[in-house]
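Visitor: Following the hints, put chain U in place on chain E, whose structure we already have.
Below are the chains, spelled out letter by letter.
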Amino acid sequence: MTALLEIEDLSLRYHVAGGTLQALRHVSLTARAGEVLGIMGESGCGKSSLAAAIIALLARNAEVTGGAVRYRGRDILRMSAEEQRQLRGRHIAMIFQDPMTAFNPVLRIGEQLVDFQHHLTGVSRSERRARALTQLQKVGIADADLCLRRYPHELSGGMRQRAAIAAALLMSPDVLVADEPTTALDVTMEAQIIHLLRELQTDYQGAVIVVTHHLGVIAELCDRVAVMYAGEVVEEGLVDDIYHAPQHPYTRALLACDPAAIHDLARRLPTIGGQLPDLMAPPAGCSFAPRCPLVKPRCRSEAPPRVLLSVDRMALCHAVQA
Amino acid sequence: MSLLEISAVDVDLPLSGSLFPSRRRISILADINLSLARGETLGLVGESGSGKTTLARAILGLQSISGGNLAFDGAGLRTAADFAAIRRRVAMMFQDAQASLSPRMSVGSLITEPLVIHRVPMPDRKAKAAQLLAQVGLPAAMAGRYPHELSGGQARRVGVARALALEPSLVIADEPTAGLDVSVQAEILNLMSDLKDRMGLSYLIITHNLSLVRHIADQIAVMYLGRLVETGPTAAVFARPLHPYSVSLIAAEPRPDPRKRRADLAIRGEIPSVLRRPAGCEFHTRCISATTRCREEVPALRHIEPGRMARCHYAGALNTNL
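As they're listed, the protein sequences go chains E and U.
For the first sequence, our numbering begins at 1 and goes up steadily by one.
For the second sequence, our numbering begins at 323 and goes up steadily by one.
Honestly, I wouldn't trust all of these hints.
[Stated by the list, open to error] Here are some chain E residues pointing at chain U (derived, C-beta under 7 Å):
1. E42
2. L155
3. S156
4. E180
5. A184
6. A191
7. L215
8. V217
9. A219
10. A256
11. C257
12. D258
13. T271
[What the hints assert, rightly or not] Ranges between beta-carbon positions, derived for each pair:
14. E619/U <-> H263/E: 30 to 38 Å
15. G274/E <-> D516/U: 44 to 52 Å
16. A403/U <-> P282/E: 54 to 62 Å
Since the hints were derived computationally from the structure, they do not count as laboratory data.
Ideal Cβ placement from N, Cα and C applies to all residues, glycine included.
Here chain E stands alone, though its shape is the one from the complex (with noise of 0.2 Å):
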């Protein structure tokens, strides 16, 4: 499988009043072409960061310390506002959390689907609305034609988010990041969109990045995973090793304190205990030592090593043996 994109040793952080605060630290990974990719983690970790640094959409405080995001080999941090505008939307989409916030509510969905195809040169106005109308189709939208008529507000929030997927899709870009997109979503919606999405990677050839705090939605969907904490990709590896065989202690807290996970009936639930660490001053060793039921004195002074244990993984973890 081909790197589509490829995040390298990615540093940064914003400048917020009283000093900065370090959202993402040395952060490495790569999107595949046809491939899955879940990142994992709970608020503050720094998903949302790493999903704007990817479309390149930095708040305006945040300032990239180092490393790179490669687009086919150039790095899009570094490209003009111009160049980072042509790649968004037409390589590289984003399916948002809201969907109302992600369409214009005083224009019609057909409309704005039309407008998306600005990429596109030499296309007449109707083709772009014929694409439109097949993408909605694909999407599962049963009167699509209906649909292109509607304004965002007419229509339900599980059809908006189905529209914003086709609004993605209609450039047929190489990267797909989907931020939090079923977490808007009734159980019964959710399930649909997760459905949704897996039917359309089947003929899918680009790599689809799903960020998301709800473990459910990544084991349902993803081929590979990473784990974010305080800023850095604390594990990495195949969705079935993380689940099965999590060895970053962050990793099993999480998952054993998944409600969702525990299936007898349980009246007190496991939890992790403690809190987040300060981000304006990251601990000198390991972020989770705090926190960790495994901790030893060198955790609290020497940044972990990156452990890898195959191609596929990787443990952040002093405890963790290659």
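Guide: The following block gives chain U in isolation, referenced to the frame of chain E:
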């Protein structure tokens, strides 16, 4: 004797927003029968639009009922004065914890405000705030903070402290873990369980998160389009749901295990509009087992097994093993 008794409750609303004023009323809730024993937890589940929140509002007197009876601790609830009288004993935890806290009040003022409103003598407001914070596992210093300074989990704990300030008998919790990370979800659930044991609380939990209900509720009530479709002990309902809608809801939950991916869709389509209520069984448009009878004849909520009821012509006869 049960603490809360809901008997044959209906809620109708006048049809508004159309060009011509009409006398037509639409049925939002019909024939709701539920009872909640002291110290018991009832989970009310269903998709958005199933009427869960309307029912909670009716219990609090925020939505007038068009038929049936509500009783709290043996006393009927009819007039505004009846509802005002129970307001000290029934507390509400709102879905969006952060938004439910006034941004201009400190945490200390927020959690002691219910005592001020109800003119409960409070010799030392600071000490009371500290005591309430300790109850929900927050340090006393938190009293000086403002809502925007709180994390999602902390805001939720403050919401719990505020709900418990008047030492209620019943707490209605609307999506108590929505938007929280899994590790924080587990912490909030544990806190709610502990407080229940310590204070002898009853909970009515409104949610579409089934994995949450599984661990916290003694009884479960499944709603669809403003009707109860199944009620029973939680463990029994999860082990063998009787209504096809309950089956679909349970099956739709994404499982955090890549080895248990769903091959097919648990449920198709969306919940219909209350303006276009399907004839016969309301669920027939999405039910995989629907027959001609289901399209024509409205099923009644009937006893299937001791303590278990379902609104399905074929309840008990369908193979609903998950």
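Visitor: The structure should be examined with respect to each hint, and the outcome stated for every one.
Guide: Cross-check of the supplied hints:
Because the closest C-beta pair between E42/E and chain U is about 4 Å apart, less than 7 Å, the hint holds. Proximity of L155/E to chain U is violated relative to the hint, the smallest CB-CB distance being about 11 Å (cut-off 7 Å). A hinted interface residue such as S156/E counts as satisfied when its beta carbon comes closer than 7 Å to some beta carbon of chain U; here the least separation is about 6 Å, so the hint holds. The beta carbon of E180/E comes no nearer than 11 Å to any beta carbon in chain U, farther than 7 Å, and the hint placing it at the interface is violated.
At its closest, the beta carbon of A184/E sits 10 Å from a beta carbon of chain U; the interface hint therefore is violated under the 7 Å criterion. Below 7 Å, beta-carbon pairs count as interface contacts, and A191/E has one with chain U at about 4 Å; its hint therefore holds. A distance limit of 7 Å between C-beta atoms decides the matter here; for L215/E the minimum to chain U is near 4 Å, and the interface restraint holds. Annotation: interface hint on V217/E holds; nearest CB of chain U at approximately 5 Å, less than 7 Å.
A distance limit of 7 Å between C-beta atoms decides the matter here; for A219/E the minimum to chain U is near 5 Å, and the interface restraint holds. For the restraint placing A256/E at the interface with chain U, the shortest Cβ-Cβ distance is roughly 9 Å, beyond the 7 Å limit, so the hint is violated. Below 7 Å, beta-carbon pairs count as interface contacts, and C257/E has one with chain U at about 4 Å; its hint therefore holds. For D258/E, the interface hint holds, since its Cβ comes within 7 Å of a Cβ in chain U; the closest pair sits about 5 Å apart.
Checking T271/E against chain U by beta carbon gives a least distance of about 5 Å; that is within 7 Å, so the hint holds. Take E619/U and H263/E: their Cβ atoms lie about 37 Å apart, and the range 30 to 38 Å holds. For the pair G274/E and D516/U, the beta carbons lie near 19 Å from each other, so the given range of 44 to 52 Å is not met. For the hinted restraint 54 to 62 Å between A403/U and P282/E, the CB-CB distance of approximately 57 Å keeps it satisfied.
Hints 2, 4, 5, 10, 15 from the list above are not met by this structure, while the remaining hints are.
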